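Same order as they appear, the protein sequences are chains G and U. Adding 1 to a residue's 1-based position in the first sequence gives its number in the numbering used here. Adding 7 to a residue's 1-based position in the second sequence gives its number in the numbering used here.
Quick caveat, the hints were computed from the structure, so don't treat them as lab data. Since the structure is predicted, the reported quantities are computational estimates derived from the model, not experimental observations. Check before you lean on any hint, since a few could be wrong.
With beta-carbon atoms standing in for the labels, derived distance ranges [stated by the list, open to error]:
(1) U/Gln164 - G/Tyr278: 38 to 44 Å
(2) U/Gly25 - G/Ile190: 56 to 62 Å
(3) U/Thr209 - G/Ile190: 23 to 29 Å
(4) G/Val18 - U/Gln146: 32 to 38 Å
(5) G/Leu9 - U/Lys27: 52 to 58 Å
Glycine is no exception: its CB is placed at the ideal position from the N, C-alpha and C atoms.
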Amino acid sequence: MRKKNIRLIIGIILILVMTALFALLPKIYNNNFLLFNIMLYIALAEGLNLIYGFTGYLPFGYVGFFGIGAYSASLLILLLHVGVVPAILLGGVAASIVGIILTPLLRLSGAYFAIANLAASQAIYYIISNPHLENITQGPYGIMLSSVYDATASYNAMLIVMFFAFMLVLFFRQSRFGLSLMAIREDSITASVAGVNVVLARTIAWLLSAFVAGLCGGVFAWYTSVFYPETVFSLNISIFAIVFVLFGGAATLIGPLIGTVILYGMYNFIGISTPQYFQLIYGLLIVMLIMFLPNGVVSLFKKVKDYVP
Amino acid sequence: MSPKEILKVENVEKRFGGLKALNKVNLSVYENEILGLVGPNGSGKTTLINVISGIYKPDAGKIYFFGKRIDGIATYKLAHLGINRTFQIPKPFHGLTVRENVEVAALYSGKQCLKSFFKHLKNFKFMEKGYCNIEDDVQTAISIVGLDKLQDKQATQLNTSEQKLLGLARALATKPKLLLVDEIAAGLNQEETDKIAEILQTLVKKSISIIVVEHLMHFIHKITSRVVVMDSGSPIFEGTLEQAANDKRVVEVFLGG
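Construct all of the structure, not just a fragment, from the sequences and the given hints.
As C-alpha cells, then:
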C-alpha cells in the first residue's frame, strides 16, 4: 500500500509541475501555437488513455468526439449566444451524449470495435459537413468564431482541460475503480465473476473519455476561431493520439505525456523543415518501439515500475 | 433436523440451437456439503455451472438461492449475493499481480463493507483507517490457497496449478456461500490434487457449500459426500459414489451398454 501512496504523490507533483510549466512557458517562449498544440495532444492522449489504457478498447474514431465538441461549442456560441465557457463545457457534454448513443459499440471487441468506431466518426463528419445543413452547421464552409476570439483566455482554458485530463487519469491509476477497469481489460468474464459491474464501469470510462475529447474540441475551436469540418474530424488527430499513448505506455499517467512530448516535439522539429526524413524516422521509431518496447517507453522503468505514476 | 437447502435448481433447461445441453435438471445443494457433479464429456456439467453462476441464462426453469429466485440475474450480482466459481481453464487477470487479482474480487465482497462505511459516516469516524479494510480479506484469501510468497508476481508468470489456486483465492475473496469448482484438479499431479482437496475440505468447515465438477474419481471420492451423475443434459443418479458404481445406468453411461 505504501508504494501506491508514493506513486500518488509523484503523480500529483508531476501534474503540478507540468501545469506550472505550461502556465509560465508563454512568457519566455513565443511560439504560443506550438505550446497550445502540445497541451491539446497531451489532453487528447490522456483522454484516449482512459478508454484504451484502462479498458482495452481502441477508439480509432476518437476524433469524432473532438469534432462534436468543437461544433457543439461553436454552434452554441453562434446560434444560441451561450457564453464561451459554458459552451465549451456543454461541448464536452454533447460529446458524452454521442458517447451514450455509441455505447452499443462496446459490445464489439478488438479490431471490430476500432473499425465500427472509425465508421461512426466518419458518419458524424458527413452529417455535419452536409451542405443541406448549411443554415445550422455552415456545412463544408466551416465555422468562424472570431467574435469571441481571445488567445490568452483560450490558452488558459486548454491548460485547465489538460490539468483535468491528468487528474482523471491519476484517479483511474490509483483508485479501486481503475483497478476494476483493468480487470475488465484483462478478462471481462472473470471480472464479472469477481463482482464487477462490467457494463456500467466501462460505460463510465467511455463517457469520461468522450467528455475530455469534447472539451478539447471546444477549446480548440475557441483558440483557432476559424476551422473546417475536415480540420476537426481529421483522422490524423485520432492516429496521433493513439500513437502517442502507445509510444509512451498505456494505463499510466506519465506514458501519454512522454509520448506526446517526444513524438509531437519531433514532428515539429523535423516534420516541418524536412518532411521526407520525418516520415522515415517516424516509421523507423515506431517499428523499433513495437519490436523492443511493445509496452511503451514506461516499460524502461522496470525496476521502479511500482512508483511510476 | 434435516440440513438446510441453500440452492435449488428446478426443471432448468438450456438449449444451444437444436442441442438441449440441459434438459429438466433438478438439483439441490445443502448447507456444509460438497456435492460432486460427474458425467461423461458433453453431459452438461459445465453448462449447469455456467447457468447457476449467471454466465448463461436458462431457457426454462427456476433456480433458488436461500429461497430467493436467481435465474437470469447478472453474474456480478450473483457474486455479491454469495455465489462464486472457478474456471476449468484458469482465466486470471494476466497483467495484474496476484494480490491485485484477489483485490478486485475483495472490493465487492458483499455489502458489509459498504454498510460499515455508512455506519462510520454517521459517527463521523470515516477518516479512520480500516472502516472498509479489504487488505485483511485479500491476505486471508491468498493464504488459504498458499500463494503468499507469490503475491507480487504477475498472474501470467504463474504455472497452471498456481493459476488455478489463484482462481480459487479470487472466488474466496468475494466471501461466497456457494462455490462452484469446475475441474480444478484436471491436469494437476497427485500432490497438487491432494492440496486442493484439503483446501476444499477446510472451506466446508467455514460453512461454504461447494459443487465440484470433476473427472478424477479418487478426488471426488475423497472429498464428496454425495454425487449427481449427469448424462445428455439430465441427472440420472443421485447418491454416494459407491452406490453410483453399482448403478446400472451409471455404468452404462460410463462404459457403454
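- prompt: Which of the listed hints are not met by the structure?
  reply: Checked against the structure, the only hint that fails is number 2, while the rest are satisfied.
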